[in-house]
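Trainee: Top line first, the protein sequences correspond to chains A and B. Here the working numbering is used: the first residue of the first sequence is 1, the next is one more, and so on. Here the working numbering is used: the first residue of the second sequence is 1, the next is one more, and so on.
Among the clues, some could well be false.
It does not matter which identical chain is used: a pair holds within one copy or between any two.
What the hints assert, rightly or not - In silico SDA-like cross-links for lysine to any residue, where the CA-CA straight-line distance does not exceed 20 Å:
| # | residue 1 | residue 2 |
| --- | --- | --- |
| 1 | 334 | 31 |
| 2 | 100 | 120 |
| 3 | 134 | 416 |
| 4 | 205 | 22 |
| 5 | 222 | 38 |
| 6 | 205 | 13 |
| 7 | 100 | 121 |
| 8 | 100 | 323 |
| 9 | 12 | 74 |
| 10 | 300 | 2 |
| 11 | 222 | 22 |
| 12 | 12 | 44 |
| 13 | 11 | 103 |
| 14 | 334 | 113 |
| 15 | 119 | 101 |
| 16 | 406 | 430 |
| 17 | 406 | 85 |
| 18 | 300 | 102 |
| 19 | 119 | 413 |
| 20 | 222 | 31 |
| 21 | 222 | 35 |
| 22 | 425 | 82 |
| 23 | 110 | 337 |
| 24 | 100 | 113 |
| 25 | 95 | 287 |
| 26 | 41 | 15 |
| 27 | 44 | 414 |
Please keep in mind that the hints were generated in silico from the structure rather than gathered at the bench.
Chain residues, written in single-letter form:
Number of protein chains: 2
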Amino acid sequence: MRIQHLDSSTKKNLLEDLLQRSPSSYGQYEQAVAEILNNVKIEKDKALFAYTEQFDHAHIDASNVRVTMEEIQAAYEEVGEELLRVIRGSLESIKSYHEKQRQFSWFDSKPDGTILGQKVTALQRVGVYVPGGKAAYPSSVLMNIVPARVAGVDEIIMVTPPGADGRVNANTLVAACEAGATAIYKVGGAQAIGALAYGTESIPKVDKIVGPGNIYVALAKKAVYGHVSIDAIAGPSEIMVVADETANPRYVAADLLSQAEHDEMASAILVTTSEKLAREVSDQIDGFLKELSRADIIQKSLDNYGYILIADTMDEVIDTANEIASEHLEIMTKNPYDTMTRIRNAGAIFIGEYASEPLGDYYAGPNHVLPTNGTAKFFSPLSVDDFIKKSSIIGYSREALERVHKDIEAFAEAEHLTAHANSIKVRFEENR
Amino acid sequence: MRIQHLDSSTKKNLLEDLLQRSPSSYGQYEQAVAEILNNVKIEKDKALFAYTEQFDHAHIDASNVRVTMEEIQAAYEEVGEELLRVIRGSLESIKSYHEKQRQFSWFDSKPDGTILGQKVTALQRVGVYVPGGKAAYPSSVLMNIVPARVAGVDEIIMVTPPGADGRVNANTLVAACEAGATAIYKVGGAQAIGALAYGTESIPKVDKIVGPGNIYVALAKKAVYGHVSIDAIAGPSEIMVVADETANPRYVAADLLSQAEHDEMASAILVTTSEKLAREVSDQIDGFLKELSRADIIQKSLDNYGYILIADTMDEVIDTANEIASEHLEIMTKNPYDTMTRIRNAGAIFIGEYASEPLGDYYAGPNHVLPTNGTAKFFSPLSVDDFIKKSSIIGYSREALERVHKDIEAFAEAEHLTAHANSIKVRFEENR
Chain A
1 MRIQHLDSST
11 KKNLLEDLLQ
21 RSPSSYGQYE
31 QAVAEILNNV
41 KIEKDKALFA
51 YTEQFDHAHI
61 DASNVRVTME
71 EIQAAYEEVG
81 EELLRVIRGS
91 LESIKSYHEK
101 QRQFSWFDSK
111 PDGTILGQKV
121 TALQRVGVYV
131 PGGKAAYPSS
141 VLMNIVPARV
151 AGVDEIIMVT
161 PPGADGRVNA
171 NTLVAACEAG
181 ATAIYKVGGA
191 QAIGALAYGT
201 ESIPKVDKIV
211 GPGNIYVALA
221 KKAVYGHVSI
231 DAIAGPSEIM
241 VVADETANPR
251 YVAADLLSQA
261 EHDEMASAIL
271 VTTSEKLARE
281 VSDQIDGFLK
291 ELSRADIIQK
301 SLDNYGYILI
311 ADTMDEVIDT
321 ANEIASEHLE
331 IMTKNPYDTM
341 TRIRNAGAIF
351 IGEYASEPLG
361 DYYAGPNHVL
371 PTNGTAKFFS
381 PLSVDDFIKK
391 SSIIGYSREA
401 LERVHKDIEA
411 FAEAEHLTAH
421 ANSIKVRFEE
431 NR
Chain B
1 MRIQHLDSST
11 KKNLLEDLLQ
21 RSPSSYGQYE
31 QAVAEILNNV
41 KIEKDKALFA
51 YTEQFDHAHI
61 DASNVRVTME
71 EIQAAYEEVG
81 EELLRVIRGS
91 LESIKSYHEK
101 QRQFSWFDSK
111 PDGTILGQKV
121 TALQRVGVYV
131 PGGKAAYPSS
141 VLMNIVPARV
151 AGVDEIIMVT
161 PPGADGRVNA
171 NTLVAACEAG
181 ATAIYKVGGA
191 QAIGALAYGT
201 ESIPKVDKIV
211 GPGNIYVALA
221 KKAVYGHVSI
231 DAIAGPSEIM
241 VVADETANPR
251 YVAADLLSQA
261 EHDEMASAIL
271 VTTSEKLARE
281 VSDQIDGFLK
291 ELSRADIIQK
301 SLDNYGYILI
311 ADTMDEVIDT
321 ANEIASEHLE
331 IMTKNPYDTM
341 TRIRNAGAIF
351 IGEYASEPLG
361 DYYAGPNHVL
371 PTNGTAKFFS
381 PLSVDDFIKK
391 SSIIGYSREA
401 LERVHKDIEA
411 FAEAEHLTAH
421 ANSIKVRFEE
431 NR
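Put together the whole structure using the sequences plus the hints.
Mentor: Written out as structure tokens, the structure is:
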């Protein structure tokens, strides 16, 4: 794995490299996605099923688009008791963590009759996209459905592309059932996003669409944003490890590889003050690579977006971490909680040598749907917040309004909005 | 104003009418906006100033793009003490309300060494767009800047288009200064959004862009979403009044008109169980229209998107309110707080006959930047939430990881992610 000294030009090149992976540079697919969305909007089921035939090579129609109880029972048998127990253990942790994220309606009142507050309401119906094929991850199903469930969403509509045999991954089905999906439909790609955004005869329109997908899915979500809400647009996975000389090179190497195996666009970066650690991690990576089943993908990912960077000072390490704003950030330093206080931008922060990144993917409880590609500067992990919305509450008495009514009228008149001023004036006509 | 009986076909037509106003049906401007954004991204200041010349007819360059202290002082003199006092009173209420929205980092620990939590961090730099010309509203300046300030954002960069004389509205400048803008630049339109999203020699790149604007601004914000964050895309203003026979028709009429005066696309809807109220409100509207300065705009708005709907039951009234999900919802019923409990979708809910909508625009404290055009089903008012983001915190001890490590490995292997499993295994190699 390449080892470089961290200086401003290394950092600039690195940041530019990483941004290459952004979905916004895939303009060539936008036209195709717009056409798919428009056809599904107008032709509904007809277009949806035609695209499923075209892209997934599966014969899906109104009679078999929705996953049945029989299919779910068969999936439970296929999955088996051992994996079911593991899924349920993970689900328990995820629920417990997300329950702590719940927000509540509040109000503040004054004795003059003023009541101000916020009413928190769950979204009514949401759509969860789950990729099929090689990226059919039951853990992602849990991570997308649980926060919606905890928020109190009435209906959780899941979509996932079928195989050519018209079937859906058994692990996906069981995870969806355990997490609490209301209905599961066998459609995928941009056409599934269109169905969720506009509704078809078979699939109900939702208020928000969440879940990762390929570039077509990501662009389709972006295109329907505003008509419905969406979660952050997911990019390729990333890990950054911030380490000093106290870090265990074998653990650092294994954790870097755990993200590099996702796909060739994934990024794995170590930033350290220790040249010794840098070399040891590189050696450990070479050793592991011989044993891992996805070594080809990992090698390409490391060649493209893998870096070991040696910095002169811990300040430089921290600045780099904050500039890159990695999806996953592991801190393996002598005082990792101290280091954490200086991290401003990261999706999830893993602290200490036993908080390995896959612990967060599967089991600890925090969501593994995280902002990628620098967006941790302004986006948050998927959470209960994504499935609620707020309404302001404003109650005023005559007494409360009377005290400020002339100021409101003056402000409205300064903005030349006389009908605004009038609506306050009419309440006090007898005083004028 | 048209009076109709509320039935399913009235409601369907109404919902379709309102959706006509959505920014998503303005596809013809998208190409122009994409071109402006791309030129600003590549040519930076040069393109920015050329567009300012072209669209605003103002000569702006690097030497005068940033508003100076002298210009701000002149603005204070122009605004005068009386309006300044009103602005400060309003600012006080807005600050006080938004301070109650602050969210805090939290953690939950277990005696086995597990620490899970969320770290809340303010965004570092945000951009606030403020329209110029006839829509230069100092109240909007306060509403966009205060939540960023309360959240703890380091830098608040405001942009607003100059007049042909190169000057910016004095009320806007004073409001920005009072609210706490870090810097103010004289640029507007899609080109200003491009400057904030990508950065130019004069204007720094921001993490998030908020604030209302015309269709070019709205489309530009949508286009840069993902590269930076944005607030909800603002549509034309709306008011819905939910009323029974106890409502004061003069107040209802005045409040409907207060939103109709915004522009010809604004919508004002009364839904009531009282035919008598419906007729009286219509008469009152005719009376007011003779006196109001923006009567032409109001008349067009009412003709296009104004409705008085008579429902058979309060249940139908409530269902309609929830389906339309109005930006502003006034409740003027015998027991308005009872009615409020049944409202699921609305931007801001005004309760009782003294909670007139303009009270919320100017003075009460809750934000007047609200979800429009049905998006209150999934979006919230602008708030402190918009200017923070969260990072998950995951700390585990050897003891805590040891208890679950085999389950994590099993889950990773079920997803065929062997490097994920490996990163857990290496922590317990001596045990195997």
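Trainee: Hint by hint, note whether the structure agrees.
Mentor: Evaluated hints:
1. Proximity of residue 334 to residue 31 under the C-alpha cut-off of 20 Å is found in neither arrangement, the shortest distances being 51 Å within a copy and 53 Å between copies.
2. When the C-alpha separation of residue 100 and residue 120 is checked against a cutoff of 20 Å, the pair qualifies both within a copy, at 15 Å, and between copies, at 14 Å.
3. Taking CA atoms no more than 20 Å apart as the test, residue 134 paired with residue 416 passes between copies only; the shortest distance there is 9 Å, against 60 Å inside one copy.
4. Taking identical chains as interchangeable, the C-alpha atoms of residue 205 and residue 22 lie at most 20 Å apart only when they sit on different chains, with a minimum of 17 Å there against 28 Å within one chain.
5. Taking CA atoms no more than 20 Å apart as the test, residue 222 paired with residue 38 passes in both settings, with 14 Å inside one copy and 18 Å between copies.
6. With identical chains, the CA atoms of residue 205 and residue 13 are at most 20 Å apart between copies only, with a shortest distance of 18 Å across copies and 43 Å within one.
7. Taking CA atoms no more than 20 Å apart as the test, residue 100 paired with residue 121 passes in both settings, with 17 Å inside one copy and 18 Å between copies.
8. In this homomeric assembly, residue 100 and residue 323 never come within 20 Å of each other (Cα to Cα): the closest approach is 29 Å inside a single copy and 31 Å across copies.
9. For a Cα distance limit of 20 Å, the shortest separation of residue 12 from residue 74 qualifies neither inside one copy, at 52 Å, nor across copies, at 42 Å.
10. With identical chains, the CA atoms of residue 300 and residue 2 are at most 20 Å apart within one copy only, with a shortest distance of 12 Å there and 66 Å across copies.
11. Taking CA atoms no more than 20 Å apart as the test, residue 222 paired with residue 22 passes in both settings, with 13 Å inside one copy and 16 Å between copies.
12. For the homomeric pair residue 12 and residue 44, the shortest alpha-carbon distance between copies (19 Å) is at most 20 Å, but the shortest distance inside one copy (46 Å) is not.
13. For the identical chains of this complex, residue 11 and residue 103 are neighbours neither inside a copy (39 Å) nor across copies (33 Å), given an alpha-carbon limit of 20 Å.
14. Proximity of residue 334 and residue 113 under a CA criterion of 20 Å is satisfied inter-copy only: 16 Å between copies versus 56 Å inside one chain copy.
15. Taking CA atoms no more than 20 Å apart as the test, residue 119 paired with residue 101 passes in both settings, with 16 Å inside one copy and 12 Å between copies.
16. In this homomeric assembly, residue 406 and residue 430 come within 20 Å of each other (Cα to Cα) only inside a single copy, at 14 Å, whereas the closest approach across copies is 77 Å.
17. In this assembly of identical chains, the alpha carbons of residue 406 and residue 85 lie at most 20 Å apart only when taken from different copies (12 Å versus 66 Å within one copy).
18. Taking the shortest Cα distances, residue 300 and residue 102 never come within 20 Å of each other, neither inside one copy (41 Å) nor across copies (44 Å).
19. For the homomeric pair residue 119 and residue 413, neither the shortest alpha-carbon distance inside one copy (31 Å) nor that between copies (43 Å) is at most 20 Å.
20. Proximity of residue 222 and residue 31 under a CA criterion of 20 Å is satisfied in both settings, with 13 Å inside one chain copy and 16 Å between copies.
21. Both within a single protomer and between protomers do residue 222 and residue 35 lie at most 20 Å apart by alpha-carbon distance, with minima of 14 Å and 19 Å respectively.
22. With identical chains, the CA atoms of residue 425 and residue 82 are at most 20 Å apart between copies only, with a shortest distance of 19 Å across copies and 71 Å within one.
23. In the homo-oligomer, the alpha carbons of residue 110 and residue 337 lie at most 20 Å apart only across protomers (16 Å), although the nearest pairing inside one protomer, at 42 Å, exceeds that limit.
24. Only between protomers do residue 100 and residue 113 lie at most 20 Å apart by alpha-carbon distance; the minimum there is 19 Å, versus 33 Å within a single protomer.
25. Within a single copy, residue 95 and residue 287 get their C-alpha atoms no closer than 37 Å, and across copies no closer than 58 Å, so neither meets the 20 Å cut-off.
26. In this assembly of identical chains, the alpha carbons of residue 41 and residue 15 lie at most 20 Å apart only when taken from different copies (17 Å versus 38 Å within one copy).
27. Taking the closest pair of Cα atoms, residue 44 and residue 414 never come within 20 Å of each other, the shortest separation being 50 Å inside a single copy and 36 Å across copies.
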